[in-house]
Amino acid sequence: MFGTKALRAAQHAVRTPSIKFIGKRTIPAVVDHTPQPHPASPTKTLPASFLSSHATFSVYRDHAQQFGPLRKTITPNAGIGGSPAVALGPVEPPQGVYFDRNDLPERFRRQPLTPDEIEAIETGGGHLLYRGSYL
Amino acid sequence: MLSQRLIGRTAVKSAFRPSGLPTVVNASRWRRGYATEADRDLVIIGGGVAGYVAAIKAGQEGMKVTCIEKRGTLGGTCLNVGCIPSKSLLNNSHLYHTILHDTKHRGIEVGDVKLNLGQLMKAKEQSVSGLTKGIEFLFKKNGVEYLKGTGSFEDPHTVKVELNDGGETRVTGKNILIATGSEVTPFPGLEIDEKTIISSTGALSLDHVPKKFLVIGGGIIGLEMASVWSRLGSEVTVVEYLDQIGGPGMDTEISKNIQKILKKQGINFKTGTKVLNGEKTGDGVKINVEAAKGGKPETLEADVVLVAIGRRPYTKGLGLEKIGIELDERGRVIIDQEYRTKIPHIRCVGDATFGPMLAHKAEEEAVAVVEYIKKGYGHVNYGCIPAVMYTFPEVAWVGQSEQDLKKAGIPYRVGTFPFSANSRAKTNLDTEGFVKMLADPETDRLLGIHIIGPNAGEMIAEGTLALEYGASSEDIARTCHAHPTLAEAFKEAAMATYSKAIHF
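Going down the list, the protein sequences come from chains A and B. Read in order, the letters of the first sequence are residues 1 to 135 in the working numbering. Read in order, the letters of the second sequence are residues 1001 to 1504 in the working numbering.
Check before you lean on any hint, since a few could be wrong.
Within a straight-line C-alpha distance of at most 20 Å, the following computed SDA-like cross-link-like pairs (lysine to any residue) qualify [claimed, not checked]:
id	chain 1	residue 1	chain 2	residue 2
1	A	Lys44	B	Gln1337
2	B	Lys1087	B	Asn1164
3	B	Lys1133	B	Lys1114
4	B	Lys1286	B	Pro1186
5	A	Lys44	B	Ile1385
6	A	Lys20	B	Lys1212
7	B	Lys1293	B	Leu1327
8	B	Lys1148	B	Gln1119
9	B	Lys1070	B	Leu1131
10	B	Lys1195	B	Asp1243
11	B	Lys1211	B	Gly1282
12	A	Lys20	B	Lys1133
13	B	Lys1375	A	Ala29
14	B	Lys1375	A	Pro28
15	B	Lys1212	B	Gly1266
16	A	Lys20	B	Gln1337
17	B	Lys1256	B	Leu1276
18	A	Lys20	B	Gly1202
19	B	Lys1407	A	Pro112
20	A	Lys44	B	Leu1327
21	B	Lys1124	B	Ser1088
22	B	Lys1374	A	Asp32
23	A	Lys44	B	Tyr1382
24	B	Lys1374	A	Glu119
25	A	Lys24	B	His1379
26	A	Lys20	B	Lys1087
27	B	Lys1375	A	Arg25
28	B	Lys1124	B	Gly1202
Keep in mind the hints are simulated off the structure, nothing from the lab.
Using the sequences and the hints, build the whole thing.
Below, the structure written as structure tokens:
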């Protein structure tokens, strides 16, 4: 009985510090980006213009830019990155459908030929010699 | 067919266009297409503490960043005409004063002691130039583009830069950060000429020690400059509108104590006194004052008057009206919790917006704003920003003051410990001041820490860490502190808060 008493007393004597190791810091899974008053703002309010310019979070996302526009279509459920690449199906076009090279970004598109280049090809280069620009 | 034509074309290129020949193909066809027209991830207007720290952080995060600064040197007010030069003068004037008045009873007798003000200023300039050039090196190291010029908004994504060397350029950014800082608030009717009526900038580079030095404003800047020139030989008077010195943030008990200590050092105070007006006379300035609550007017004469009534945000010439960014009644840029203005890709940090005008607060915000842009999450705890006044002894505090707690009706417990009972302070013969802790009576969680004493500015770091982590006074009291150190006074104050101090 005395032993139990002593143990209980010892348990109470163990101090729990207020500071706790919370582990490596991580970005919270859900961050609310809806405009709120700044913590140091003396009025603790935002002007109406803030609210009207992006009244809802989705409106804000449509306007905001961060390494390009933050489109609301980029969500976990839809749009680019919304589903794993393997689930997107084959990259080949379906039967009877052809990709147009001009749909690709500019640097992959067909480069237009200049009249000088066409002439150079047609004449096997003789055009340039004739013009004298090669000499 | 297509591939044949392309092969043919490539062959033509290689056969007919060896280097040095006229270009047949238009070079613009080879220009790379970008997703948006903005070509920088971040454009920062202002290369002060907020701006340069944000620029370096952005560079470290792999962003393409440009920093625009018109001063010609980086570091802003803090490095060029604020914290850094003032600390140089405070440190060296303290040494001079110590040699002149304090070393004899410590057993060191010094012969003829002379002040070389020119050399004192040179030492200050050396510190400043070393640090500002250091930032330029850090810019290069972190891939930050540095434009010397004045930036102003042309549209929400374009900043026009009038270059210091002549000409102008335009930079576009997906994100733009306003970090233009603050400037001295002028006193109506007193024109600052930086010779007889001076701002803090002028107070850092006077070419002589004025006989009578009057300071309007008993805040931190005013008291630091009052200390410098008092130590160098001026007869100093500080006029303060409020009933206490050190500004409204300083704990009243601390404020009263430091006023007594500074008074003993030879600085005169006129608190609760309103400056009515002033005028330049032949070789000085006359300032008319009266009691703030009304009373008999009085005229004070001085050779030099320092106007140190505060600072105001500096956004002049930025063209904010052109893009519709709003300022509050004090000229601060209105922002939300992620430092966004009402145009979300334009953000603002530092003195130009809300919060205390402190360099370390601006630095915290600079890191946080880049993290918000890059990662969507940043952190600044506005309840845990330390403040330091570098007089001797120093004054430092973090968290809430006793008057704040009283006003908010928050219960608290107080614990104090004087440096006169601290062994290290006794050996140093610097025993003025004390540590004061405020904690919640129920949970013992720290609410505020206030220190007057030697090295208080360094010691407050421990208190700030404790407050940030939500420590109790017992947590500090049960942490082993080395002996003999000034920091033991900190531990003992914590002991006095939750229980009893050993040495007092």
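Evaluated hints:
1. Lys44/A to Gln1337/B: With Cα atoms ~10 Å apart, Lys44/A and Gln1337/B stay inside 20 Å; holds.
2. Lys1087/B to Asn1164/B: Roughly 29 Å separates the two Cα atoms, so the pair is violated.
3. Lys1133/B to Lys1114/B: At roughly 32 Å apart (the allowed maximum being 20 Å), Lys1114/B and Lys1133/B break the hint.
4. Lys1286/B to Pro1186/B: 17 Å, holds
5. Lys44/A to Ile1385/B: 19 Å, holds
6. Lys20/A to Lys1212/B: 55 Å, violated
7. Lys1293/B to Leu1327/B: 32 Å, violated
8. Lys1148/B to Gln1119/B: 30 Å, violated
9. Lys1070/B to Leu1131/B: 17 Å, holds
10. Lys1195/B to Asp1243/B: It is violated: about 29 Å lies between the C-alpha atoms, which goes past 20 Å.
11. Lys1211/B to Gly1282/B: Holds - the C-alpha atoms of Gly1282/B and Lys1211/B are around 15 Å apart, at most 20 Å.
12. Lys20/A to Lys1133/B: 41 Å, violated
13. Lys1375/B to Ala29/A: 12 Å, holds
14. Lys1375/B to Pro28/A: 11 Å, holds
15. Lys1212/B to Gly1266/B: 12 Å, holds
16. Lys20/A to Gln1337/B: Violated. Lys20/A to Gln1337/B sits at ~27 Å, over the 20 Å cutoff.
17. Lys1256/B to Leu1276/B: Outside the cut-off at roughly 25 Å; violated.
18. Lys20/A to Gly1202/B: Given pair Lys20/A, Gly1202/B is violated - Cα atoms ~48 Å apart, limit 20 Å.
19. Lys1407/B to Pro112/A: 76 Å, violated
20. Lys44/A to Leu1327/B: Holds, because 15 Å separates the two Cα atoms, which is no more than 20 Å.
21. Lys1124/B to Ser1088/B: Measuring from Cα to Cα gives roughly 5 Å; hence the hint holds.
22. Lys1374/B to Asp32/A: Holds, because 16 Å separates the two Cα atoms, which is no more than 20 Å.
23. Lys44/A to Tyr1382/B: Satisfied, since the Cα-Cα distance of roughly 14 Å is no more than 20 Å.
24. Lys1374/B to Glu119/A: 51 Å, violated
25. Lys24/A to His1379/B: 15 Å, holds
26. Lys20/A to Lys1087/B: 37 Å, violated
27. Lys1375/B to Arg25/A: 13 Å, holds
28. Lys1124/B to Gly1202/B: Holds, at about 14 Å.
Hint violations for this structure: numbers 2, 3, 6, 7, 8, 10, 12, 16, 17, 18, 19, 24 and 26, all remaining hints satisfied.
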